[in-house]
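Asker: Same order as they appear, the protein sequences are chains B and X.
This note's numbering puts the first residue of the first sequence at 1, with every later residue one more than the last.
This note's numbering puts the first residue of the second sequence at 1001, with every later residue one more than the last.
Because the hints were derived from the structure by calculation, they are not lab data.
Check the hints yourself; a few may be wrong.
As the list claims (entries may be wrong) - Lysine-lysine pairs mimicking DSSO-like chemistry, simulated, CA-CA at most 27 Å apart:
1) X:Lys1559 / B:Lys301
2) B:Lys565 / X:Lys1559
3) B:Lys97 / B:Lys86
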Amino acid sequence: MGSRIAASVAFVGVLLSCLDASRPAERAIAAEPARTPLEAVHRRPVAGALSDDGKWLFVANQRSGTVSVIDAASRKVEGEVRVGRKLSDLAIAPDGKRLVVVDEEAGEIVAFRLQGSTMDKPIRLAVGSSPANVQLSADGDRAVVALQWPRRLAVVDLGTAPRVLKTIDLTFAPRAQLLLSESHKVIVADAFGGRIAVVDVNAGKLESDRQLPVHNIRGLALSTDRTRLLVSHQVLNSSRGSTSRDDVHWGNLITNGLRELQLTSLLDPKADLLRRSRLHRLGEVGRGAGDPAGVTTLPGKWIVALAGVDEVGIRDAETGSWHRIAVGRRPTTAIPGPDDRAYVMNTLDDSVSVLDLKTNKVVAEIPLGPQVKSNVVDRGESLFHDARLSHDGWFSCHSCHTDGHSNGRLADTLGDGSHGTPRRVLTLLGVKDTGPWAWNGGMRELDAQVRKSVATTMQGAGLTTVQEGELVAYMKTLSPPPALARARKTMDEAVVRRGREVFEGQGCANCHVPPTYSSSKTYDVGSGEEGGNQSFNPPSLRGVSQAGPYFHNGRAATLEQVVTKHRHQLKTDLTKENVSDLLAFLESL
Amino acid sequence: MATGNPLCAHLHLRTLQSIAGGSDLSDRLLLERFAATRDEDAFVTLIKRHGALVWGVCWRSLRHTQDAEDCFQATFVVLARRAGSIRWRESAANWLYGVASRVAAEAKAKRMRLRAREQRESVRHEEVVVTEDATRELCASIDQELKNLPACHREPLVLRYLEGRSTEQAARLLGWSPRTFERRLAQGLERLRGRLSRRGLSHSGVLLAIALSDQNTRAAVSANLEAATLRSALSPGQHVSATVLALSQTASRGVVMTKLNLASLAVLLAGMTVGSSLLFGNDGASAGDPAGIVVASQQPNASEGKPADAPEAALARRAWAILEIVEKNHLKPPSREGVVLKGIQSFLKEAGAASPEDLAQRVRGVTSEEKLHSLLHDLWPRDAAASKAPKLEAALFDGMFDGIPGRPHLSTALAIKIQEQLRGNRYVGTGVQIGVDEKEKLVQIQIPFRRGPARKAGAKPGDLIVEVDGKSTLGLVNAEEMAKMLRGPEGTTVVIVVRQPGETETRTLKVVRGAIPLDSTFGFKRVGEDGWDYVADAKARIAYIWVKSVNAGTLHELKQLEARLERDGMRALVLDFRFSRGDGHLHDAGLLAGGLLDGSHLWTVTNVRNPPKEWRADRDPLFRDWPIAVLVNEIEDNAQGAVLAALQDNRRAVLVGEATKNDGAVRQLFPLPDQDGNITVLTGQLERADKSRGWPVRPDRVAGLTKVQRSEVEKWLTMKQLPVLPSGTDDRAPADPQFDEAVATLREALKKGPGVKEGK
């Protein structure tokens, strides 16, 4: 068995290099044969799928850009294929004959023909920047790819002449998806906030785009009777909860939840999404369940990964009770297998836990390769996603600064002594250049802000100086999100140039000073709030097109509203052309 | 004054440290030593030994930190003064108890007189921010009845339950045989029980809440207060405040008792075995809490290290700060001139001086702190002793507050902290009720509390504690000592080895000290030891929840219940808010109302500083689609009132019963600059979501109770809070027409309501 996979993997490597040469348009593929022994690298498993009646488990490793192939019976890694630069997802078609891997960094998907454990005949296709998720049709010939920063879906034909058939623009950055093959509709959820859309894939039409009062949607699954959609998410109780010790303690600030939505309501664009919905609250006082991630349904059972607390939750449908099982670090998803087994991707441990669903116990942990010593940034990344930094494990940094960005919600963090004046969660992407920090610009040092957030917002035990340094080191690696126009490749340089003139002519650059489009002072821009705070530090405009809603209280839903409705600090009236030029400029930042 | 006195600084430091010397001596020896040599250590030991007792008496009676502090000091001043003139028993606890009671009674009477005057002069608004403790009357009653018992019955009760002494120890202290002690103890208990039951209190031992007031007791005797007391006691003429002095003079003859752990008595009165003692393995909440009480008038400006101000300068600064807070934040700020005038008039009256003819004109000229200072300077009685300053200050504030609608009040940071802890429902400990098993000569866990750390660790009722943190506790028959061993800060672990009586097999429990959640909701019937049955009508599938109070954890409790009641097939709900008492925070009310409503407008808070603020619910209502009936009666608390109004205005629930008594006033706390204190000021008004409605909240369906029914219902509800029912009682629901009406309302709603079809 072992030799067979090695051979097939080697074969793939050879084949890929040929392909590389013969199709220069579909650039660079860094596939290499698996090494024996396996290379010592960070892998970061983020997705997986079973093939061949559960004999083989394929795991997509984000950091190493490889796919690990695991023999489910022997629980050993049989091979590893380098597929791309940074992988975000992996899917196997229902017929088991096609495996598709998503390369987030290259903006490509790679489709393989699958036979047993053999991945061959790779087809590499550029789909657009930052693909985050792929769904395959029942016949495996069609893929729907969620493109995060371009805020769109790409529908791909994987048949004889692989190509992108169409793209469908969304109003939000998508991540989790669920394809309903029978109706050719895909349900797509916000990567950061709470929007949820339904798209008709065949017609290429956005049927509905609605808001759930939630954020950080990480998992979508259908109930086994296919009448309900399960959504794992968090709720930041913006209007009523605060970050006081009491509210954090009693779960009044953050709800970690699994929501049942009626599929009929979801598919009816006019229906109230929450009608007959149910919210299952995960975790309890004293034992929060921060950052629920991937969710899986089985007859009589639901499994949800509790990424922030290194556990999975298993709900027994009959009793409605939850069991929680400790697994490896940052479990992001669980894959159900035959014989009451489930495989959990322990993203930060570079391992897969095997669960026995009959006994609700971990029966094995499969390391994906030799462990590598973590450096300061790795440890910071780990802390960033650790809900145990907060009191009782209700939430992590990532909960609100989802993937380092912002969940777009308001939080009453009592950060600068005010109460009852919730502020929009700021993005941390590009944070190293955007000091001073906090809305009132009160924090000159990033580590001071981090220390304060952990102590007063998360109500945790606090960080050691070393941990503080690690978190800051990690945060400093986060770069600003790409501008929407750049991500969509729709930028018109001439228009942007005109927009820049408007920007400068209106004096915007006085406070939003290039190159960070921020400055270190605070200004009273007439957006003052009830608590008495009148002056705010101008947030950086880099990636501003990805950052809505706007202002400290989120009262402008779009950039256009900032300019037209709120006339934010405009010196003169703007013509329609001025406005659209200015917006084009902002969307290029 | 304190700043310049090296002796005081020295004493202060020393009281902060634990003083071991002399702590083994009896009170009599310590007092004799103090009388003969003015030995400070001896007196410090006495303060430490009996501080909690005296503070408890003062606090329970007054519920006002400043007043309680004054009485606390006065009591020890009397002790110091009479140290050489009384033939002391081995324990002075009895005597201190009596003196403290009298001093506190005097202070209370004085305050009542003051309050009566206030009520005549201004409309009183109900508090949103801070309300009274539900157990206050009970505590006061127990104290009072204890005091009325003859000494031969009171003394054993005090020594056993309040000081946690063993029979041998107590008998020795009293000079009795152990058998006599036991007999009189039993008789005393019986008599006390009888007296309380005549007051209608026999079963309302609100156990956990009382224990909390016991915790207040512990938390409140700060090192600073001890130091101040010591100063007062040692040299009354020099350091004591006038109030303390006045109070100490009202207490003359010595009498009574000791350190009463009210909680243990409450348990006994609720029918527990004679000879047990109740304690909480607690203290974590106050551990490491340095928030001391500074008797501000004694240390003006000490923190800044400047030479002590003239008292009028400090007073002007405080008064001006108050004026500014009121002007900026008060809902209907009165004219500064009027407030100052009233204050000065009261001040002059206290000073015994006549009003200058041009007073009104001079007050008009007070436009800054400096000008107020100079006015006070001019009016300050030249011959006044420094000790007069606090009285003058009190009089000035008193007068000022008379002139401010909704009368503000002052409270210390510590008082606020205690309130917050209660409200936050984060009481820390191991969560056990312990007592002494005389037969086994071991301390026994009588009740491991619901959801408490000990129970989580596997403690069972009846467990005998044989070892704590590796130390054998064989022969330790002092529950108080055991409680000390169990106490510790939150998050720390105590390892307890236990065994069941009559068995040899031991179990090791690792108890992580933590919050003991105190329920704010209760079910319909008790099930087993600590469970509830919430079903009020099995056929119609109607559940029942009594919302005893609204605090930070209430919403969470309902979330837990929702899942359970759904599983049990319930589909409608009676929420009983009768006799519900708030901890009074609008924030908590917002959480609760917001958790029951779906995105609706809850209410609007108007105040002068900000534009009206609309409070809205989030989108995840509990009990979605269930018909709800709310039982309501004369709730005074605005937090509860607001929840009820929001439910009614959004047609989320049908309100059944009687009108509330709340008025929708909103108060806020403001810290006073450069001192340990806060002022509570009327800042706003709640406007209901349905603008056509006002306060109080009136029921949709009026239903009343007869006097007898009312008292039975109150008793039934109150008893829900007992961890176990007293023997010979049950918790069968009494005749309750309001409840019947609520159930009838729900049955109707279930017949036609849309929620029903959508149910499970």
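Asker: Could you run down the list of hints and mark each one as holding or not?
Answerer: Okay, the hints, checked on the actual structure:
For the given pair, lysine 1559 of chain X sits about 22 Å from lysine 301 of chain B by alpha-carbon distance, which is consistent with the 27 Å threshold. A C-alpha spacing of about 40 Å is found between lysine 565 of chain B and lysine 1559 of chain X, which places the hinted pair above 27 Å, so the restraint is violated. In summary, the hint linking lysine 97 of chain B to lysine 86 of chain B is supported, as the alpha carbons are separated by about 24 Å, within the 27 Å threshold.
Of the hints listed earlier, the one the structure fails to meet is number 2.
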